[in-house]
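**Q** Numbers 13 to 62, taken from our numbering, label the letters of the sequence shown in order.
Take these hints with a grain of salt, some might be off.
Using C-beta positions, here's what the derived DEER-type ranges look like [to be verified]:
1. Ser17 - Gly55: 27 to 33 Å
2. Ser17 - Pro42: 15 to 21 Å
3. Ala36 - Leu15: 27 to 33 Å
4. Gly39 - Ser17: 22 to 28 Å
5. Phe28 - Leu61: 14 to 20 Å
6. Ala59 - Pro38: 34 to 40 Å
7. Gly60 - Arg40: 30 to 36 Å
Keep in mind the hints are simulated off the structure, nothing from the lab. All values derive from a computational prediction rather than experimental measurement. Just so you know, even glycine gets a beta-carbon here, dropped at the ideal spot from N, CA and C.
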Amino acid sequence: MGLFSYLIILALSGLFVGALARLALPGRDPMGILATIGVGLTGSFIAGLI
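Assemble the whole structure, with the sequences as input and the hints as a guide.
**A** Written out as structure tokens, the structure is:
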């Protein structure tokens with residue numbers, strides 16, 4: 013698997029995890045949906061580096 017494919021997979025999994033986290037904890041949240049998905053993306057890329 014190439015580097016570009018790996019980065020795409022990390023990005024898609026981060027988007028999925030961020031959206032899933034938003035759905036798992038409904039209610040008022042100080043972060044918006046984009047910030048929550050951004051945290052998911054960041055976590056996915058950090059986990060991919062480790």
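**Q** If a hint holds in the structure, say so; if it does not, say that too.
**A** Against the structure, the hints:
no., hint, result
1, Ser17 - Gly55: 27 to 33 Å, "20 Å, violated"
2, Ser17 - Pro42: 15 to 21 Å, "35 Å, violated"
3, Ala36 - Leu15: 27 to 33 Å, "31 Å, holds"
4, Gly39 - Ser17: 22 to 28 Å, "37 Å, violated"
5, Phe28 - Leu61: 14 to 20 Å, "18 Å, holds"
6, Ala59 - Pro38: 34 to 40 Å, "25 Å, violated"
7, Gly60 - Arg40: 30 to 36 Å, "31 Å, holds"
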